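Model the full assembly from the supplied sequences, consistent with the hints where possible.
Listed in order, the protein sequences are those of chains B and X. Count the first sequence with the working numbering and you get residues 2 to 483, in order. Count the second sequence with the working numbering and you get residues 2 to 1057, in order.
Check each hint, because a few of them may be wrong.
Stated by the list, open to error - Here are the in silico distance ranges between beta carbons for each label pair:
1. X:27 with B:465: 53 to 61 angstroms
2. X:25 with B:420: 50 to 58 angstroms
3. B:318 with X:749: 37 to 45 angstroms
4. X:183 with B:461: 35 to 43 angstroms
Keep in mind the hints are simulated off the structure, nothing from the lab. All values reported here derive from a predicted model rather than from experimental measurement. Every residue, glycine too, gets a C-beta built ideally from N, C-alpha and C.
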Amino acid sequence: MRTHDVPTALGAVSSAGVGDPGLPAFLFAPPRPCPLRAGAGSQAPESLRSLQPASRRRATLRCWSHSHSAPARPCAERQVCARQEPRQVSARCSWHSPGKEVDCKDIPGRDRAKMSLFGTTSGFGTGGTSMFGSTTTDNHNPMKDIEVTSSPDDSIGCLSFSPPTLPGNFLIAGSWANDVRCWEVQDSGQTIPKAQQMHTGPVLDVCWSDDGSKVFTASCDKTAKMWDLNSNQAIQIAQHDAPVKTIHWIKAPNYSCVMTGSWDKTLKFWDTRSSNPMMVLQLPERCYCADMIYPMAVVATAERGLIVYQLENQPSEFRRIESPLKHQHRCVAIFKDKQNKPTGFALGSIEGRVAIHYINPPNPAKDNFTFKCHRSNGTNTSAPQDIYAVNGIAFHPVHGTLATVGSDGRFSFWDKDARTKLKTSEQLDQPISACCFNHNGNIFAYASSYDWSKGHEFYNPQKKNYIFLRNAAEELKPRNKK
Amino acid sequence: MKEKSEAMSLEGDEWELSKENVQPLRQGRSISTLQGVLAQQESARNTTLQQQKREFESEIRFYTGNDPLDVWDRYINWTEQNYPQGGKESNMSTLLERAVEALQGEKRYYNDPRFLSLWLKLGHLCNEPLDMYSYLHNQGIAVSLAQFYISWAEEYEARENFKKADMIFQEGIQRKATPLERLQSQHRQFQARVTRQTLLVLEKEEEEEDLGSSVPQRSTLAELKSKGKKTARAPISRIGGALKASNQNRGLQNPLPQPMQSNSRITVFDENADEASIAELSKSAVQPWIAPPVSRAKENELQAGPWNVGRPLEYRPHDNTASVTAVPSMLPSFTPYVEETAQQPVMTPCKIEPSINHILSTRKPGKEEGDLLQRVQSHQQASEEKKDKVMYCKEKIYAGVGEFSFEEIRAEVFRKKLKEKREAELLIIAEKKAEMQKQIEEMEKKLKEIQTTQQERAGDQQEEKMPTKETAELQIASESQEIPGMTVSNSVCPVNSCARETSLAENIWQEQPHSKGPSVPFSIFDEFLLSEKKNISPPTDPPRALVQRKPLAVLKTSDSINSNEDVSPDVCDEFTGIEPLSEDAIITGFRNVTICPNPEDSCDFARAARFVSTPFHEIISLKDIPSDPERLLQEEDLDVKTSEDQQTTCATIYSSPLSIKKLSPIIEDSGEATHSSGLSGSSASVISTSSIKCLHIPEKLELTNEAIENPIQSPWCAQYRRLLLKSQPELSASAEFFVEDRPMPKLEIEKEIELGNEDYCIKQEYLICEDYKLFWVTPRNSAELTIIKVSSQTVPWDFYINLKLKERSDEECDYLCSYYQYQDGCIAWHQYTNCFTLQDLFQHSELITHEITVLIVYNLLTIVEKLHKAEIVHGDLSPSTLLFRNRIYDPYDCDKNNQALNIVDFSYSVDLRAQLDVFTISGFRTVQILEGQKILANCSSPYQVDLFGIADLAHLLLFKEHLQVFWDGSLWKLSQNISELKDGELWNKFFVRILNASDESTVSVLRELAAEMNGVFDTTFYSHLNKALWKVGKLIGPGALLFQQDRQSSLSQVPA
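Listed below in structure tokens is the structure:
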């Protein structure tokens, strides 16, 4: 039960469902029946069996919600309606006490993804509006996206969604208030705060282990921690001489480790149980950003350093690349080719530009390119153009398109193959400091908080920080090629 | 000494050996820095240099004072001194450039000699320093500084343009540049040099003319080979009149075409126009500076092409058109022909593979092209003609030589704030400390007065009490002035130092910015609240599990939790959460090195990873599986996942129960996970009380800082104990020790728990202490009440002590005790039936008869003697740790006088055989209870702690209050009058002996006392004793208590 179930810190799927009776709760069955712990007793198989009927029942609910999903249908109302069916609610919240679920065994199962707000169907964008009724003039949420509850008290430095191995979607955010928070994101868009861990310094990066049982956090306190969600314990797993800027979990066939990049100009590889690193690689400069998709890792450093590593057998430097950008590196994201192999990366700079760079392109001069982004009034020559930093890049896991977020408080979606912009958001009143997609690309999360781009003088601690969720299924579809 | 001198000579060698690597500096170099720099190893040097550099960099960015030049000045000087070889590594040119850029707008620095020196250094690095001088002159920078004119003139002099040099001097004098004297003297020297030189030339000429027997003739074909590769120029050799003419002008004419002139406009050189005015000079000199060159980091800019193609109006290949407003009119109307090839940068042919030899790599053309000065100027003008505006704090990002990211800037601010707060904190503490010291001094004076009066009246017993009372009052007074978080003690005391650290850490924590603003705390969604609302009975496990844990954490205040988890980064620099690996056989090779030292050997890395991730340590030792490496190798085949899981549970024994499905706002680590929490269980509260109590007036009133200087690890620290236990793998082999790989079962009254293979019914929660609780339980098929001790300790310390005690004393133990170690605590089951703690006895103090007192004290003496023989100090002999076995149920073992007492708790015990680093008595529980007693001040051996413990208990039994002693000049005596007691003589002897044991072996003291006490036991004594015990058993025995309880509950049930 333990390995594949939802970690304790995230709570049982069933109990989480209570918060939102109208919508799917445990329609995401564990990937496969799992070995049971002795303590779980003989009831567990039953609970597994009961899954099937539950998801079937969902199908009916979906139909219902569809018939009502006129553009601005308040979500709350849906919930109210759903509460009128207490029996189902009770059934849903009893993942661990399966004796109670008895009925609804005869409804045929349906494609589960389609019944949710974050499913492939459209209509989520409009649904979000009514959820919060924020029709006021302030433009903290001009895109009318879903707001994550209890967002951190200080700037949000990093976001990460749970891997596909975990049923449901869990969002982790690290902030400058030294904390790491975890929410469950339900398919309705509702977010439920689940757990929190503290560092003694701001948290600069987070990542998940491949099985979703652990979260790794990198902090300004020069350490990295492993947060075991089963026990809700965090232990230190890494130590640097300077703040740790990046952290990635590497799962290779023959080893697994945590890669940390720090401002002490080293890249270290840690087994989570040893206080000594398995390997230390020197970087030419401070590590500013990194990304990893096995078997490739790319690290961008200060003074425009750019190094690609290969991770097969063991991590080793593959190539140093002369930076395609002329300003400070700020964010990097690896993208994959059609065969789902990492093939290149997108690098964002502090001065409004993103470079698309392939590792082994057939025609380097043509295939690699840079494009401008996060700049104001692009073509108007009379006024000077405002240039902002690119704070984050994320690739859509399905479509291969990408999203960039910037200090200008906008996010943009791009199709790198067609070399076109798909969408640019309205301007938020604060910079967008981080972004990410969930594992199936249905949710785009972005954090609106001050990114320090104008120095401390412009920092307003009173300003609230937000994390928004947006349905990304449609908007990131690449343009049809003609 | 010899070594030192050798070192010195070596240092000297360093300098001798690398003279050629040191660039000369005008102001000289500090030899110590130089030698330091040269002698240091490459890596070590790099780290320190980088660190210092980084400090400068951040200082530049976060400088808040009103003299930014100062930082730059220091930074540049530091760079000069620490990079004697100069070169690219030092980044000197970039640094100067940035400095000049940053300070350019600051008019107040224009006549600051430091600013000038900055410029002069920049001038040395650039190709055309004369341009720089004229630029400075034009801008009005440093025009009132003598040094400016001196350097400028020097530059001209070096180019043999004496006339200009002289003009410069004259202008300086005219402008009354300061210090004028220096300028004038320099001018005079210059003139002297020039005259001497011209005279020499003239003399030479005369000589030549005198010698001139042969008139110089042009030699045919001599030296007519062209010189220079690209632009061939034949050497000129003239004779006759032509020679004369050129010689006359030699001194006053610049032989090289002056670059600035050729750049500005095409002027035909006119030998006769020597009287070019100063005004003209400055005017023409400025011109090249008007046009800014391309800024370095501009994107998508057209590359500069051949300048004469298509852009006839531009006179410089890399000029921007933007501000070439005034110049065009002065351009010549013709386009000079330039060969295509002439402009191509010449590349050094490179045949060496650059990847092999980094030193001889090809020079990249055009990268560092362009003069520093031009860039500086361009920076100034860039802002005016920018087409785009950068919306981030670029000046901060690129302030120094390097760049900073937003996060780095922010982290720096964060770090600074933290540091400031900490310093402020320390300052306050220091102030308070000083204040306290004053008070202490005052009190010391008073005390002395009191003591003198005391000595005067030494004879009088009645008046003797007065002064002691007064001292007591003083103590109280001083205690009330105690500031929390601060301790003043005269002994090196690990606990105190810990307390100080933790309190400091707490303070820092509290002020960290996360708690700012009126922001709502992160409230974690409570599923159970909701489910309860809906009348759905929640799954039984999770909430109970919480409830079960709570009682044990009763005394863990939120403060203690805070201090546990939020130790400031400095405090917890070392690894805390990670279990050190001690399986040396496996890890030796990897322990202190990077696991994969050889980057070529790829399987090495993977193997290393497997080694480390294979579960082997904790679970093996605890579960009594022999840890052999071969077995581990086999385990490599295991599914990674399962092994990982196993590992997480066993490597972190302290992980909280897995069955807890419910989340609470999180206690980050369990107490055992971090270092500072190591003082076990309730440490924090204990510490805080002790730190408050610490302010007593000791014999020597001194404030020592030793406690801070040696932060000794507390011997009671769980971490420490765990380590100790780890080295004793045979522990787990004991039949009485059971490791349960699960959380502790929940304990509820009238519920059953399973211990080993037996079920026990919990009857009553009997005693709640800070660290543990006692329950009365009955086995399933019996009514016998036995005791279990439940603690949240994850280190089976009680068991360890008991085991060692048995091992070392070679005595058969007459009772049984089993230990059950869980993931989050420990349960010890004691076989004793119908027993109770001394605490109960004290609650019924009327039952404590003389006989019982004697019995208890006698037993204490024997028990402690046994402990001390085994080199164990109990440290906490208090009523709650001692079980009194009611012998009323076993009246025939009266000869076993020495088995009336048993110890249930060893939390504060120290095994001096294993814990060799315990030297002081501070930190023991007994000491904390007796805090303030002067007698403690002159004790040194930890063993004495137990003597005081016994004395204190005896005192409690006799007088119902804690020990109070005084020094009567020769001996420590009780403040209470013993003589009135029954057997007063015996007790008097007892206390005098036990309090004045000083350095004697405690074992012998205890034996002696026990023997003495044994004399009291006689038949009448026994009959009295039995009577008393019977009474005790009837009234406060567990059966009696339970019975009372039952009756009460039944009574209360009736009305309902």
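For each hint, the structure was consulted:
no.: 1; hint: X:27 with B:465: 53 to 61 angstroms; verdict: holds (58 angstroms)
no.: 2; hint: X:25 with B:420: 50 to 58 angstroms; verdict: holds (56 angstroms)
no.: 3; hint: B:318 with X:749: 37 to 45 angstroms; verdict: violated (60 angstroms)
no.: 4; hint: X:183 with B:461: 35 to 43 angstroms; verdict: violated (54 angstroms)
This entry does not satisfy hints 3, 4, going by the numbered hints stated previously.
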